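So the protein lines, in turn, are chains L and S. Residue 121 in this note's numbering sits at position 120 of the first sequence; the count goes up by one each step and never skips. Residue 215 in this note's numbering sits at position 214 of the second sequence; the count goes up by one each step and never skips.
Everything labelled a hint here was simulated from the structure, so no lab data went into it. Among the hints, a few may not be true.
Calculated pairs, DMTMM-like style, for lysine to aspartate or glutamate (alpha carbon to alpha carbon, straight line, at most 25 Å) [claimed, not checked]:
1. S:Lys298 <-> L:Glu78
2. S:Lys291 <-> L:Glu106
3. S:Lys3 <-> L:Asp300
4. L:Lys298 <-> S:Asp87
5. L:Lys66 <-> L:Asp135
6. L:Lys291 <-> S:Glu94
7. L:Lys3 <-> S:Asp300
8. L:Lys8 <-> S:Glu240
9. S:Lys8 <-> L:Glu270
10. S:Lys298 <-> L:Glu106
11. L:Lys289 <-> S:Glu106
12. L:Lys298 <-> S:Glu106
13. S:Lys262 <-> L:Glu86
14. S:Lys298 <-> L:Asp87
15. S:Lys262 <-> L:Glu307
16. S:Lys8 <-> L:Glu307
17. S:Lys8 <-> L:Asp261
18. S:Lys95 <-> L:Asp300
19. S:Lys262 <-> L:Glu78
20. L:Lys262 <-> S:Glu78
21. L:Lys95 <-> S:Asp212
22. L:Lys3 <-> S:Glu307
23. L:Lys360 <-> L:Glu311
24. L:Lys262 <-> S:Asp87
25. L:Lys8 <-> S:Glu307
26. L:Lys298 <-> S:Glu94
27. L:Lys298 <-> S:Glu32
28. S:Lys298 <-> S:Glu336
29. S:Lys289 <-> L:Glu106
30. S:Lys8 <-> L:Glu294
31. S:Lys7 <-> L:Glu307
32. L:Lys8 <-> S:Glu270
33. L:Lys7 <-> S:Glu307
34. S:Lys298 <-> L:Glu32
35. L:Lys262 <-> S:Glu106
36. L:Lys7 <-> S:Glu270
37. S:Lys298 <-> L:Glu94
Pairwise CB distance ranges, derived in the manner of DEER restraints [said to hold, decoys possible]:
38. L:Arg74 <-> S:Asn192: 46 to 54 Å
39. S:Leu259 <-> L:Asn84: 18 to 26 Å
40. L:Asn292 <-> S:Glu94: 30 to 38 Å
Only a predicted model underlies this, so the values are computations on that prediction, with no experimental measurement involved. Quick reminder that beta carbons are idealized off the backbone N, C-alpha and C, glycines included.
Number of protein chains: 2
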Amino acid sequence: MKLICKKDLLLQYINIVNKAVSNRTTLPILECILLTADDKGFVLTGNDLELGIKTAAIEADILEKGEVAIEARIFNEIVRRLNGEDVTISTNEKNAVTIVCGSSEFSIMGQGGDDFPALPEVEQNQAYTLKQNDLRNMIRQTIFSIAQDNAKPVLTGELFEFHDEFFNIVSVDGYRISYRKNNLIQSCGKNDVIVPGKTLSELNKILSQSDEDLVSLYVTDKHILFDLGTAIMVSRLIEGDFIRYEQSFSEDFKTEVLVDKNQMIQSLERASLVSRDNRKTPVRFQIKTKNMEITAKSDMGTAFEEISVEVEGEEISIAFNPRYFIEALRSIDEENVKIHFTASLSPCTILPVEGDSFKYLILPLRM
Amino acid sequence: MKLICKKDLLLQYINIVNKAVSNRTTLPILECILLTADDKGFVLTGNDLELGIKTAAIEADILEKGEVAIEARIFNEIVRRLNGEDVTISTNEKNAVTIVCGSSEFSIMGQGGDDFPALPEVEQNQAYTLKQNDLRNMIRQTIFSIAQDNAKPVLTGELFEFHDEFFNIVSVDGYRISYRKNNLIQSCGKNDVIVPGKTLSELNKILSQSDEDLVSLYVTDKHILFDLGTAIMVSRLIEGDFIRYEQSFSEDFKTEVLVDKNQMIQSLERASLVSRDNRKTPVRFQIKTKNMEITAKSDMGTAFEEISVEVEGEEISIAFNPRYFIEALRSIDEENVKIHFTASLSPCTILPVEGDSFKYLILPLRM
Numbered sequence: 002m003k004l005i006c007k008k009d010l011l012l013q014y015i016n017i018v019n020k021a022v023s024n025r026t027t028l029p030i031l032e033c034i035l036l037t038a039d040d041k042g043f044v045l046t047g048n049d050l051e052l053g054i055k056t057a058a059i060e061a062d063i064l065e066k067g068e069v070a071i072e073a074r075i076f077n078e079i080v081r082r083l084n085g086e087d088v089t090i091s092t093n094e095k096n097a098v099t100i101v102c103g104s105s106e107f108s109i110m111g112q113g114g115d116d117f118p119a120l121p122e123v124e125q126n127q128a129y130t131l132k133q134n135d136l137r138n139m140i141r142q143t144i145f146s147i148a149q150d151n152a153k154p155v156l157t158g159e160l161f162e163f164h165d166e167f168f169n170i171v172s173v174d175g176y177r178i179s180y181r182k183n184n185l186i187q188s189c190g191k192n193d194v195i196v197p198g199k200t201l202s203e204l205n206k207i208l209s210q211s212d213e214d215l216v217s218l219y220v221t222d223k224h225i226l227f228d229l230g231t232a233i234m235v236s237r238l239i240e241g242d243f244i245r246y247e248q249s250f251s252e253d254f255k256t257e258v259l260v261d262k263n264q265m266i267q268s269l270e271r272a273s274l275v276s277r278d279n280r281k282t283p284v285r286f287q288i289k290t291k292n293m294e295i296t297a298k299s300d301m302g303t304a305f306e307e308i309s310v311e312v313e314g315e316e317i318s319i320a321f322n323p324r325y326f327i328e329a330l331r332s333i334d335e336e337n338v339k340i341h342f343t344a345s346l347s348p349c350t351i352l353p354v355e356g357d358s359f360k361y362l363i364l365p366l367r368m
Numbered sequence: 002m003k004l005i006c007k008k009d010l011l012l013q014y015i016n017i018v019n020k021a022v023s024n025r026t027t028l029p030i031l032e033c034i035l036l037t038a039d040d041k042g043f044v045l046t047g048n049d050l051e052l053g054i055k056t057a058a059i060e061a062d063i064l065e066k067g068e069v070a071i072e073a074r075i076f077n078e079i080v081r082r083l084n085g086e087d088v089t090i091s092t093n094e095k096n097a098v099t100i101v102c103g104s105s106e107f108s109i110m111g112q113g114g115d116d117f118p119a120l121p122e123v124e125q126n127q128a129y130t131l132k133q134n135d136l137r138n139m140i141r142q143t144i145f146s147i148a149q150d151n152a153k154p155v156l157t158g159e160l161f162e163f164h165d166e167f168f169n170i171v172s173v174d175g176y177r178i179s180y181r182k183n184n185l186i187q188s189c190g191k192n193d194v195i196v197p198g199k200t201l202s203e204l205n206k207i208l209s210q211s212d213e214d215l216v217s218l219y220v221t222d223k224h225i226l227f228d229l230g231t232a233i234m235v236s237r238l239i240e241g242d243f244i245r246y247e248q249s250f251s252e253d254f255k256t257e258v259l260v261d262k263n264q265m266i267q268s269l270e271r272a273s274l275v276s277r278d279n280r281k282t283p284v285r286f287q288i289k290t291k292n293m294e295i296t297a298k299s300d301m302g303t304a305f306e307e308i309s310v311e312v313e314g315e316e317i318s319i320a321f322n323p324r325y326f327i328e329a330l331r332s333i334d335e336e337n338v339k340i341h342f343t344a345s346l347s348p349c350t351i352l353p354v355e356g357d358s359f360k361y362l363i364l365p366l367r368m
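From just these sequences and the hints, can you work out the full model?
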């Protein structure tokens, strides 16, 4: 293999495939990036067996076709620090990779491309299409409440529910539910799959923030493929049935509170300071006619916060893990939110003032 | 105690005394900040027994005198997150500290001020005075080569050598020597002391970057006091004799190289990429008539770098730990430096093109 390409462009694509490169593995080939130069152009591939990424063809002058796998960490570090515009990459029959740029020359031992695991085949016929930035936001706004332990494997992923016109993402960790909904630009009918949390967290690092760029999703029984234009990402799906979350959201409530989101986050953050471990020390909400008091107490001391809110319905006293509330509120872009309470031991729901683009359910704690 | 002060001002002073607060200790009082309100004003003190900081009087409306010690971490977190201009701090007879600001109210258990260890007494008669920014730079430019282990305790600190007109700081870790020199605005005669590295690293975080601000140093047998105007810092000194570093710097050399500092740092950084642990894999310099080749080799591969330099004297081949070279060069503000070489197994010296404001000595490695 021998080719010449632009350093900046190469680095940009390395950063994309790096998201699918394994950090520590017993299989050294998975720590590599596969470089392929053939009739289709110059392409990079990363694959940790759960998740694979293959770039689109990178603009390059291919002088000799070929394929080689090179350790991702060193390849990235070298290219990042090169001082020059054009990089020449060539290999010899022993898979030594020579990288030349400006007055620098590196020779790094690579591995044969044949040892590199191929990405799963996913047919790209019928797509669900939406804006990359919309998908990026939906993931960011739900991923914090996926389960951290493996007790229920389905909960370590997020449910993608496709409908004819829209699409929703749901995560559940046993204490709370995060739900986001968005329109689809193109649909290919009803379907639902569970996508691993790790896939979504890596995907979110490469999804575009521009409203111009679209992403197409292709689904099979075992895999999902995200086509970003610059690259495709293929991930295994989590098998099993997701929990039936819909029934947890009740339409009934006794108290509705309209609150300034930032004010509430700040008050909760301050109140939770008096507990060393805010998973265990609850904060207490006392909702009165015109305001809400947030209090916390531990062996360290006490905190008292007061915020003015609009209240409709009954006064109520209820306690929560402040972190769950803070994470949900932080993920919301709107300035104001509605919160529905039913009883001291019933979950509360955070809703938009208008529309149905999100709903967050949080279980209370006993006081 | 009861007083009212500005939140922003209080936070600024908390950040200063925090540098002397112990992070983990078996003596909980050392994790506290002492608040004192008396005839001299409102003052904060931190003291981890090695190092103590006492602020100047903080503008405050003192309604009732008193003293209390409060855990630094929680005090800092609370004040930082308060939403309001004025903070009211008061204590009761049980040392509970009440902090009120805006619609927040905290009550935190404190400890009696009597339990807080007093700072060592250092007479402030005869001072060495220089610009805070000059001292800050001198520390930054030498602190990286203090010894990391306790085999020779004197080497875990830096030597301060005071003269009538100037002052120099030296650090030695057994493989290299860093030396910086600066004028004194005021001196009180020759003296030398060894200041603990930890003191200097904390001091550097609070020294001003403005050329307006001066620092005065007061020295006793056991302690050094830095008066920054906004606060005083008192530290114990390290007892013992520093090593006689001067004799290691030789005036003789066989090769003088004039090099672009940034170009050399970048080449060294790239070359050291091929070694997984650059403490062990040396980089080799080959100095020729008009250029310098930097090469490195490990089981991972090879790196070759070429930089143009001005050379006077003999060609030479010599190997170094690249990290030692990079750290010394990075600490230098000048664009170009001179490097003196004598032989493959003799130390080299990095010098300014003009003047004598610094010298760095680095031992070579066997190839």
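Here's how the hints hold up against the structure:
1. As the CA atoms of Lys298 of chain S and Glu78 of chain L are separated by approximately 16 Å, the hinted pair is consistent with the 25 Å bound.
2. As the CA atoms of Lys291 of chain S and Glu106 of chain L are separated by approximately 19 Å, the hinted pair is consistent with the 25 Å bound.
3. For the hint linking Lys3 of chain S to Asp300 of chain L, the alpha-carbon distance of about 23 Å falls within 25 Å, and the restraint holds.
4. Pair hint Lys298 of chain L plus Asp87 of chain S holds up; C-alpha atoms about 24 Å apart against a cutoff of 25 Å.
5. Restraint check: the Cα-Cα separation between Lys66 of chain L and Asp135 of chain L comes to about 39 Å, which exceeds 25 Å; the hinted pair is violated.
6. Taken as a hint, the Lys291 of chain L and Glu94 of chain S pair is broken in the structure, with Cα atoms around 35 Å apart against an allowance of 25 Å.
7. As the CA atoms of Lys3 of chain L and Asp300 of chain S are separated by approximately 23 Å, the hinted pair is consistent with the 25 Å bound.
8. Of the supplied pair hints, the one linking Lys8 of chain L and Glu240 of chain S is violated, its CA atoms being roughly 54 Å apart against a limit of 25 Å.
9. Among the hinted pairs, Lys8 of chain S with Glu270 of chain L is consistent with the structure: their alpha-carbon atoms are about 17 Å apart, no more than 25 Å.
10. A hinted pair counts as satisfied when its Cα atoms are at most 25 Å apart, and Lys298 of chain S with Glu106 of chain L qualifies at roughly 12 Å.
11. Distance check on the hinted pair: Lys289 of chain L and Glu106 of chain S sit about 18 Å apart at the alpha-carbon level, within 25 Å; holds.
12. Straight-line distance between C-alpha atoms of Lys298 of chain L and Glu106 of chain S comes to about 12 Å, which keeps the hinted pair within the 25 Å bound.
13. Taking the CA atoms of Lys262 of chain S and Glu86 of chain L, the gap is near 21 Å; set against the 25 Å cutoff, the hint holds.
14. For the given pair, Lys298 of chain S sits about 24 Å from Asp87 of chain L by alpha-carbon distance, which is consistent with the 25 Å threshold.
15. Between Lys262 of chain S and Glu307 of chain L the CA atoms are separated by roughly 58 Å; this puts the pair beyond 25 Å, and the hint is violated.
16. Proximity of Lys8 of chain S to Glu307 of chain L is assessed by CA-CA distance (about 19 Å); at most 25 Å being required, the pair is judged to hold.
17. The hinted pair formed by Lys8 of chain S and Asp261 of chain L meets the criterion: a straight-line CA distance of about 23 Å does not exceed 25 Å.
18. For the hint linking Lys95 of chain S to Asp300 of chain L, the alpha-carbon distance of about 14 Å falls within 25 Å, and the restraint holds.
19. The hinted pair formed by Lys262 of chain S and Glu78 of chain L meets the criterion: a straight-line CA distance of about 21 Å does not exceed 25 Å.
20. For the proposed pair Lys262 of chain L and Glu78 of chain S, the alpha carbon gap of about 21 Å is at most 25 Å, so the pair holds.
21. Annotation: proposed proximity of Lys95 of chain L to Asp212 of chain S is violated, straight-line Cα distance about 59 Å (limit 25 Å).
22. Between Lys3 of chain L and Glu307 of chain S the alpha-carbon distance is near 23 Å, which keeps this suggested pair within the 25 Å criterion.
23. Distance check on the hinted pair: Lys360 of chain L and Glu311 of chain L sit about 19 Å apart at the alpha-carbon level, within 25 Å; holds.
24. About 24 Å separates the Cα atoms of Lys262 of chain L and Asp87 of chain S, which keeps this hinted pair within 25 Å; it holds.
25. For the proposed pair Lys8 of chain L and Glu307 of chain S, the alpha carbon gap of about 19 Å is at most 25 Å, so the pair holds.
26. Taking the CA atoms of Lys298 of chain L and Glu94 of chain S, the gap is about 20 Å. The hint holds against a cut of 25 Å.
27. Proposed proximity of Lys298 of chain L and Glu32 of chain S is supported: the alpha carbons are some 21 Å apart, at most 25 Å.
28. A threshold of 25 Å between alpha carbons decides the hint, and for Lys298 of chain S with Glu336 of chain S the separation of about 29 Å lies outside it, so the pair is violated.
29. For the given pair, Lys289 of chain S sits about 18 Å from Glu106 of chain L by alpha-carbon distance, which is consistent with the 25 Å threshold.
30. Restraint check for Lys8 of chain S and Glu294 of chain L: satisfied, since their Cα atoms lie roughly 23 Å apart, inside the 25 Å limit.
31. A threshold of 25 Å between alpha carbons decides the hint, and for Lys7 of chain S with Glu307 of chain L the separation of about 21 Å falls inside it, so the pair holds.
32. Among the hinted pairs, Lys8 of chain L with Glu270 of chain S is consistent with the structure: their alpha-carbon atoms are about 17 Å apart, no more than 25 Å.
33. A C-alpha spacing of about 21 Å is found between Lys7 of chain L and Glu307 of chain S, which places the hinted pair at or below 25 Å, so the restraint holds.
34. The suggested pairing of Lys298 of chain S with Glu32 of chain L holds, with an alpha-carbon distance near 21 Å, which does not exceed 25 Å.
35. Restraint check for Lys262 of chain L and Glu106 of chain S: the C-alpha separation of about 20 Å stays at or below 25 Å, so the hint holds.
36. Between Lys7 of chain L and Glu270 of chain S the CA atoms are separated by roughly 21 Å; this keeps the pair inside 25 Å, and the hint holds.
37. Note on Lys298 of chain S and Glu94 of chain L: the hinted pairing holds, with a Cα-Cα distance of about 20 Å set against a maximum of 25 Å.
38. With their beta carbons about 50 Å apart, Arg74 of chain L and Asn192 of chain S fall inside the hinted range of 46 to 54 Å.
39. Between Leu259 of chain S and Asn84 of chain L the C-beta distance comes to about 20 Å, which sits within the given range of 18 to 26 Å.
40. Restraint check, Asn292 of chain L to Glu94 of chain S: a C-beta distance of roughly 32 Å satisfies the suggested window 30 to 38 Å.
Comparing the model with each earlier hint shows violations of hints 5, 6, 8, 15, 21, 28; every other hint is respected.
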